[in-house]
Amino acid sequence: MRRDIFQAIADPTRRAIIALIALQAMTPNAIAENFNSTRQAVSKHLRILTECQLVKQEQQGREIYYSLQIEKMKEIDKWLEQYRKIWETRFNQLDKVLSTIKKQKK
Amino acid sequence: MKNDLLFDFTVDKPAKTVCITREFDAEQALVWDAFTKAELIDQWIAPAPMVAKTKYQDFKVGGKRFYAMISPDGQERWALQQYTSITPKTNFKMFNVFADKEENPDPFGSEWDHTFSEDNGITKVSIVIYNESMERLEMILEGFTIGMRMSLTNLETLLEKLSKK
Chain G
1 MRRDIFQAIA
11 DPTRRAIIAL
21 IALQAMTPNA
31 IAENFNSTRQ
41 AVSKHLRILT
51 ECQLVKQEQQ
61 GREIYYSLQI
71 EKMKEIDKWL
81 EQYRKIWETR
91 FNQLDKVLST
101 IKKQKK
Chain U
1 MKNDLLFDFT
11 VDKPAKTVCI
21 TREFDAEQAL
31 VWDAFTKAEL
41 IDQWIAPAPM
51 VAKTKYQDFK
61 VGGKRFYAMI
71 SPDGQERWAL
81 QQYTSITPKT
91 NFKMFNVFAD
101 KEENPDPFGS
111 EWDHTFSEDN
121 GITKVSIVIY
131 NESMERLEMI
141 LEGFTIGMRM
151 SLTNLETLLE
161 KLSKK
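So the sequences go chain by chain: G and U. Going by this note's numbering, the residue at position 81 of the first sequence is 81; the numbering climbs one at a time, nothing skipped. Going by this note's numbering, the residue at position 76 of the second sequence is 76; the numbering climbs one at a time, nothing skipped.
Mixed in with the good hints, there may be bad ones.
As the list claims (entries may be wrong) - Below, a list of computed lysine-lysine pairs in the DSBU-like style, where the Cα atoms sit at most 30 Å apart: (1) 101(U) x 16(U); (2) 72(G) x 93(U); (3) 16(U) x 105(G); (4) 37(U) x 85(G); (5) 96(G) x 124(U); (6) 64(U) x 102(G); (7) 37(U) x 102(G).
No lab work stands behind these hints: they were computed from the structure. These numbers come from a predicted model, not from an experiment.
Chain G with its partners taken away, still in its complex shape (with noise of 0.2 Å):
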């Protein structure tokens, strides 16, 4: 199942998890010992997290590692752009009624 990257990052624990993986590659159970959950809670985040495709899992010897995908974190930004621009088109419209209530008053 796809889901949506802000999915992701809706939760605390989650943002936990990319935090603490952002700085390097970590197994499951070294994930597990940041937290006070279970580790079959972590479990279910990391699954959240890889369906969002914002980590990759890697498989070294018997371990399976988990690692950030950054470029997938980018998209965020995309996003914070676009409401940016929100706001930059709500004040120039508001620029417009403010020049026109001044026109009137004079």
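Chain U: place on chain G using the hints.
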């Protein structure tokens, strides 16, 4: 000229906070009205081609504004704002939440804090938006995306034309 007016937009993802600062070439009392009077808010708050329509507004602490953003194909997206603090002409705070058209709110909303100040006829407005959930931040955009794409293309074309001059 207008181009010198400040526009600052930052998003602090971990803190789920968006900070927006913008200057306007108008006196503080007028800018305050534009942000607090429904008939003026409706004229600018919806990015074209969306339009805003306020059903009712009661601008006082505890009072509400119930409004819709309407897309060109007639889809309405309702939201409810409740004013939590008002210091005339300088600051107001509100809680904003999406709702259905019967005013039933979504579980998560956002807190908005607006500060106004004037220097030499230029009014600066600082807006801090705290979102209770990151998912909600996404929804805000979703509601606009369709209409926005259209208007952004228009805007880009316009900007291109202007910059060629």
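Status of the hints after comparison with the structure:
no.: 1; hint: 101(U) x 16(U); verdict: holds, 27 Å
no.: 2; hint: 72(G) x 93(U); verdict: violated, 35 Å
no.: 3; hint: 16(U) x 105(G); verdict: violated, 40 Å
no.: 4; hint: 37(U) x 85(G); verdict: holds, 24 Å
no.: 5; hint: 96(G) x 124(U); verdict: holds, 16 Å
no.: 6; hint: 64(U) x 102(G); verdict: holds, 28 Å
no.: 7; hint: 37(U) x 102(G); verdict: holds, 16 Å
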